[in-house]
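2 protein chains.
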Amino acid sequence: MFSTKAEYGVRIMAHLAAHDGTAPVALGSIAEAEALPLAYLEHLVQRLRRAGLVESRRGAHGGYTLARPAEEITMAEVVSALEGEIAPIECITADPDGRVMCAREANGERACPSKLLWTRVQGAIVRTLEDVTLSELIRPVARKKAAV
Amino acid sequence: MFSTKAEYGVRIMAHLAAHDGTAPVALGSIAEAEALPLAYLEHLVQRLRRAGLVESRRGAHGGYTLARPAEEITMAEVVSALEGEIAPIECITADPDGRVMCAREANGERACPSKLLWTRVQGAIVRTLEDVTLSELIRPVARKKAAV
DNA sequence: GCGTATCCTACCTTCCAGGTAGGTATTCAC
DNA sequence: GTGAATACCTACCTGGAAGGTAGGATACGC
Numbered sequence: 001m002f003s004t005k006a007e008y009g010v011r012i013m014a015h016l017a018a019h020d021g022t023a024p025v026a027l028g029s030i031a032e033a034e035a036l037p038l039a040y041l042e043h044l045v046q047r048l049r050r051a052g053l054v055e056s057r058r059g060a061h062g063g064y065t066l067a068r069p070a071e072e073i074t075m076a077e078v079v080s081a082l083e084g085e086i087a088p089i090e091c092i093t094a095d096p097d098g099r100v101m102c103a104r105e106a107n108g109e110r111a112c113p114s115k116l117l118w119t120r121v122q123g124a125i126v127r128t129l130e131d132v133t134l135s136e137l138i139r140p141v142a143r144k145k146a147a148v
Numbered sequence: 001m002f003s004t005k006a007e008y009g010v011r012i013m014a015h016l017a018a019h020d021g022t023a024p025v026a027l028g029s030i031a032e033a034e035a036l037p038l039a040y041l042e043h044l045v046q047r048l049r050r051a052g053l054v055e056s057r058r059g060a061h062g063g064y065t066l067a068r069p070a071e072e073i074t075m076a077e078v079v080s081a082l083e084g085e086i087a088p089i090e091c092i093t094a095d096p097d098g099r100v101m102c103a104r105e106a107n108g109e110r111a112c113p114s115k116l117l118w119t120r121v122q123g124a125i126v127r128t129l130e131d132v133t134l135s136e137l138i139r140p141v142a143r144k145k146a147a148v
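Those protein sequence lines, which keep their order, are chains A and B. Residue 13 in my numbering is what sits at position 13 of the first sequence, and the numbering runs on without skipping anything. Residue 133 in my numbering is what sits at position 133 of the second sequence, and the numbering runs on without skipping anything.
For the record, the hints were derived by calculation from the structure and aren't laboratory data. Glycine residues also receive a C-beta, built at the ideal position from the N, C-alpha and C atoms. Certain hints may be false.
[Unchecked claim] Every beta carbon over 12 Å from chain B, so not counted as near; a handful from chain A, in silico:
(1) Ala6
(2) Gly9
(3) Gly21
(4) Leu41
(5) Glu42
(6) Arg50
(7) Ala51
(8) Ser56
(9) Ala60
(10) Leu66
(11) Ala87
(12) Glu90
(13) Ser114
(14) Leu134
(15) Arg139
[Claimed, not checked] The list that follows gives simulated cross-link-like pairs (lysine to aspartate or glutamate, EDC-like), each with its CA atoms no further than 16 Å apart:
(16) B:Lys115 x B:Glu90
(17) B:Lys5 x B:Glu71
(18) A:Lys5 x A:Glu77
(19) A:Lys5 x A:Asp131
(20) A:Lys5 x A:Glu85
(21) B:Lys115 x A:Asp131
(22) B:Lys5 x A:Glu90
(23) B:Lys5 x B:Glu34
(24) B:Lys5 x B:Glu85
(25) B:Lys5 x B:Asp131
(26) A:Lys5 x A:Glu42
(27) B:Lys115 x A:Glu85
(28) A:Lys5 x A:Glu34
(29) A:Lys5 x B:Glu90
(30) B:Lys115 x A:Glu42
Work out the full structure: start from the sequences and follow the hints.
Listed below in structure tokens is the structure:
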């Protein structure tokens with residue numbers, strides 16, 4: 001489903017949000033706190049940086065900070081920065097306008113018979129990811145509705 | 001996300017539903033119609049059979065039929081028969097009661113900081129899959145064909 | 001200029017999705 | 001009963017990617 005890239009990356013973001021003070025947080029301290037390999041996290045955090053989700057300061061006492069307030073960062077941004085485009089199966093993609101396409105349609109063939117299903121699944125995933133912000137993640141706040 | 005197992009399997013089911021007459025449909029004819037490798041489909045259809053979703057008749061003029069009416073078969077059943085348990089990331093599972101668990105919780109550790117997110121994503125996926133029946137898939141019925 | 005940190009590129013290894021192969025058992029038509 | 005068609009079963013193969021490692025270059029604080 002989602003790989004550990006998404007999992008680890010979300011945890012990086014959550015960690016940054018939780019320690020969102022003045023000073024940047026060194027990736028080494030995150031790796032230690034979360035018990036994850038530093039060298040691997042470096043790859044992930046670079047994706048987050050290139051996506052404009054975190055900012056970095058190099059050198060001594062450097063580290064990372066959120067590029068925007070946690071309330072304004074959605075999980076859809078985080079996950080797609082890490083995993084690339086979100087599609088439940090290969091042939092389903094979304095073009096820049098947000099129209100969901102089946103790859104087979106493109107070359108004049110008829111759509112997958114199951115397009116309806118995968119587009120709905122994709123919609124559900126994307127909507128959910130867009131609906132959860134980083135700040136919600138770090139506040140186990142009075143959400144507690146219908147705890148499935 | 002989902003592998004081709006789910007994609008192909010759903011197409012098998014859709015094909016069976018579309019040709020749901022008296023006679024069983026040979027897998028070879030499905031493979032040909034869908035342009036998929038027969039030998040691989042055999043693996044998939046066995047999973048569907050063991051899950052009680054299709055029935056088989058061996059020998060000449062044998063083949064497969066739906067085990068239940070298409071309206072009563074949900075995509076959740078089909079996909080989980082093919083892919084196994086549906087979880088957006090490894091540490092999220094659902095116990096027999098349907099309670100969503102984080103693997104880390106089990107061993108006395110605290111839950112992933114991001115559990116909230118993944119449980120919601122899982123919920124959205126499962127609810128969507130449960131909501132789409134096989135019969136809906138094969139009838140592009142009364143759905144606005146215009147805007148896609 | 002030294003230590004600390006980010007940044008960058010290349011590589012390595014394990015796993016498994018996706019597929020192949022070959023055989024056996026069952027049923028039908030004749 | 002024979003042969004063709006079909007489901008059923010088990011084992012194997014293979015490319016690519018997930019997940020991780022290595023090593024250095026670059027920037028910053030003191």
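Hint by hint, here is what the structure shows:
Residue placement check: A:Ala6 does not keep its beta carbon more than 12 Å from all beta carbons of chain B (closest about 7 Å). Against the 12 Å criterion, A:Gly9 falls within the reach of chain B, whose nearest CB is about 9 Å from its own CB. With a cut of 12 Å on Cβ distances, A:Gly21 stays outside the contact zone with chain B, its closest approach being about 18 Å. Separation of A:Leu41 from chain B is adequate, the least Cβ-Cβ distance of about 15 Å exceeding the 12 Å criterion.
Listed as outside the interface, A:Glu42 is consistent with that label: its C-beta sits roughly 20 Å from the nearest C-beta of chain B, beyond the 12 Å cut-off. With a minimum CB-CB distance of about 21 Å to chain B, A:Arg50 clears the 12 Å threshold, and the non-interface call stands. A:Ala51, annotated as away from the interface, keeps every beta carbon of chain B farther than 12 Å; the closest lies near 17 Å. Distance check for A:Ser56 against chain B: the nearest CB is about 22 Å away, which clears 12 Å, and the non-interface claim stands.
With a minimum CB-CB distance of about 28 Å to chain B, A:Ala60 clears the 12 Å threshold, and the non-interface call stands. Annotated as non-interface, A:Leu66 keeps its C-beta farther than 12 Å from every C-beta of chain B; the closest such distance is 15 Å. The Cβ of A:Ala87 does not lie farther than 12 Å from every Cβ of chain B; its closest approach is about 6 Å, which violates its non-interface assignment. The claim that A:Glu90 lies off the interface is violated: its Cβ sits roughly 7 Å from the closest Cβ of chain B, which falls inside the 12 Å cut-off.
Non-interface call for A:Ser114 relative to chain B: violated, since the shortest CB-CB distance, roughly 4 Å, does not exceed 12 Å. Distance check for A:Leu134 against chain B: the nearest CB is about 10 Å away, which does not clear 12 Å, and the non-interface claim fails. A beta-carbon of chain B is positioned within 12 Å of the beta-carbon of A:Arg139; the least distance is around 10 Å. Distance check on the hinted pair: B:Lys115 and B:Glu90 sit about 11 Å apart at the alpha-carbon level, within 16 Å; holds.
Of the supplied pair hints, the one linking B:Lys5 and B:Glu71 is violated, its CA atoms being roughly 22 Å apart against a limit of 16 Å. Between A:Lys5 and A:Glu77 the alpha-carbon distance is near 13 Å, which keeps this suggested pair within the 16 Å criterion. The straight-line distance between the Cα atoms of A:Lys5 and A:Asp131 is roughly 20 Å, outside the 16 Å bound, and the hint therefore fails. With a CA separation close to 13 Å, the supplied pair A:Lys5 and A:Glu85 stays within the 16 Å bound.
A distance of roughly 15 Å separates the Cα atoms of B:Lys115 and A:Asp131; the hinted pair therefore holds under the 16 Å criterion. A hinted pair counts as satisfied when its Cα atoms are at most 16 Å apart, and B:Lys5 with A:Glu90 qualifies at roughly 12 Å. With a C-alpha separation of about 14 Å, the suggested pairing of B:Lys5 with B:Glu34 holds against the 16 Å cut-off. Restraint check for B:Lys5 and B:Glu85: the C-alpha separation of about 13 Å stays at or below 16 Å, so the hint holds.
In summary, the hint linking B:Lys5 to B:Asp131 is not supported, as the alpha carbons are separated by about 20 Å, beyond the 16 Å threshold. Of the supplied pair hints, the one linking A:Lys5 and A:Glu42 holds, its CA atoms being roughly 11 Å apart against a limit of 16 Å. Taking the CA atoms of B:Lys115 and A:Glu85, the gap is about 22 Å. The hint is violated against a cut of 16 Å. In summary, the hint linking A:Lys5 to A:Glu34 is supported, as the alpha carbons are separated by about 14 Å, within the 16 Å threshold.
Between A:Lys5 and B:Glu90, the direct Cα distance comes to roughly 12 Å. Compliance with the 16 Å bound is thereby established for this hinted pair. The straight-line distance between the Cα atoms of B:Lys115 and A:Glu42 is roughly 23 Å, outside the 16 Å bound, and the hint therefore fails.
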